[in-house]
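Kindly produce the complete structure, drawing on both the sequences and the hints.
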Amino acid sequence: MRKSFPAEDLARDERFVRVPLTARMADARQVPREATGKRRNGGRLTPDRPDSPEAARVLMHGIFTGEIQALEGAGRTCWDFNVENTAKRKGADDDASSSDAPEVPFALKLDMARQCWDEARHTEISIKLGEHMGTEIGEFAEATFLYEAACNPDPVLRLTGVNRALEGLAIDVFNTMREFGDVSGDPVLEFCEDWMLADEVTHVKMGSDWLRRLTEKDPERRERALEFQRVVDRLFSLGGFRGEEEDSPIRLARRFRELAGFDTTEIDELAGDALAARQEAEEMIRQNRQAAAAATAGQ
Amino acid sequence: MADPKRPRAPFAPWDRRELPGIFSVEESARRVGNYKWIEMRLFEVLGGWVATVPELDVKMRLGTHCYHHAWHAELWHKRLPELREMNPDRLTLPPNDELVAFVDAMTEPEAPELTIEKLVGAYRVLIPHKIAAYTYHLNNTSTITDAPTIRSLKFILQDEFDDWRDGEMLLQSLIDSPEDVERAAAHQAKLEKLMLAAGGIVGPGTLGHADGSGNHSGASPQEATT
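Sequences listed follow chains E and W, in order.
To get our numbering, take the position in the first sequence, counting from 1, and add 58.
To get our numbering, take the position in the second sequence, counting from 1, and add 14.
Partial list, derived from the structure: chain W residues whose beta carbon lies under 7 Å from chain E:
(1) F57
(2) E58
(3) G61
(4) G62
(5) V64
(6) A65
(7) Y81
(8) A84
(9) E88
(10) T121
(11) P126
What the hints contain is simulated information worked out from the structure, not anything from laboratory work.
Backbone N, C-alpha and C fix where the C-beta goes; we use that ideal spot for every residue, glycine too.
The structure is reproduced here in C-alpha cells:
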C-alpha cells in the first residue's frame, strides 16, 4: 500500500456522490440566491426558520461525510509516517518508500489511532442521527476538502490543519447543533452532539499539544504550520459561514476552543477573519444585486 | 468474627498460582518487543486501509480495531522497561526477516476491490497467530513473578477474540460466491506459508518446541526459572 493516498482515490460505495469544490462554487443555482440578497448560507439554524429541518439534515449529512474523512485522515497518519528511532532498523521500514517517509513520535501515532476509534464512533453516531432526522446516506453531495487537509506530507502541518483547524471547526459545528437540539426540543440530537463535542475538544487539544512539542525548537516550522491552519480556517469562514455574529450559521465556540488549547489572541484572529469573509460575501451580494437591477432596467 | 491474630495461610486454598514459569526475564522482554513490533504494524495498516475500503461497515470496524492494536502496542511499550529493557525501541523488532516478508505481503493490498484480501490477512492469519502466541505465553509464564504480563495478555486477548470475531463475520458477509471462497483461501494460503517460514509472531518457538521446551534459546524450563 502506498504512503500518501490522494483524495480522489477515497473508496466509497455507490450511494455517495462527490462534488469538487470548484463545481460547487460554479453551480448556477447559487447565483439567483445571491442575487436576491439573502445570506448564502441561510443564517443561524433556528427552529423558526421554515427551512430548518432541511438545513439541519444537510448539515448532519455534511457532518457524516466529514467524520468519514476525519477517520480516513487519522488512519492515514497512522500509516504514512515512520516511528522515530525504529525507522532505520531492520524491519518493515526497510523498503525505499517507507524509509523516505517523515518520522513521528510513537505517542503521536497512538493519539491518531485513538482518534480513528473516535471518528469511527462519530461516523456511527452520524448515521444514526441522520436516520433520526430523516435523511439517508448519499442524499447530499460529499466534498473532500477535509481529507485534502489531511494529505499534507509534513506531519506537523497535517496535525495542525486537521486537529486544530478542522477539528476546531467541528467544535463550532457540534456546539451549534447541540444548541439547535436544545432549542428545537430534540434531546437525542443534543445528547449525541454533546458527546461528540467532548471528543472533538480532546482532538483539538492533541493538535495543540503536538504542535507545541514538535516545534519547540523550530519556530519557523511552527509558523508554517500556523499559516497552514489559517489557510484552512479561512476556507471554512468563506462567505461568513462561521462567525461570532448572532446570525452566523456556525458560531465560534470560544469556551470549548479555550479548553482545547486555543488562546484568546488566536480566537480573536479567527473571529476577525470570519468577519472579514462575511463582509466580502455581503459586498459580493450587493454587487450582484446591483448588476441584476441594472440588467432588469436595461431590458 | 474470626480472631484477627490467628495465622492464616498466605495463599488461600483457592489460589493455585505457582512460581515456575518457562520464560526468563530476557526471553520475556524479547517476546514483548516482538509483540510490540507486530501490534504496531497491525494498527498502522488497519488505519491505512480505512481510506481504501468502500464498504462503510468495514471502514468503521477497521478504525475501531486500529485503536485496539495501538493500545496493545502501548501496553507492551510500557512493559519493556519493567523487564529491564530501558530503551524500549531497542527490542521493538521483528523476530526475523521472514516475519517482515509476511507483513509486507499482508499490507500490500490497496485497491478498493481487495477488501477480502485485506481482511483475510488481518483476521484469518495474523490475529489467529497472535491469539495463539499470546495464549501460549499466558499458559506458560510464571503466574506470580510475571503477573503484570499476564494482566496485559488477558486484556489483549479479550480484544483479539472480539476483533477476530468481527473480522470473520465481515468476511463471511463479503464472501458470496465460490470464486470469493477461492480468493480468500488462496490469499490465506500464501500468507500462512510466509508465517510458517517466520515460525510465528516471535519466530521459531512461538508456541514452544517439540521437545516441550518453550524458551527461544532452547533453555529448559528449569534453567529458565533459575
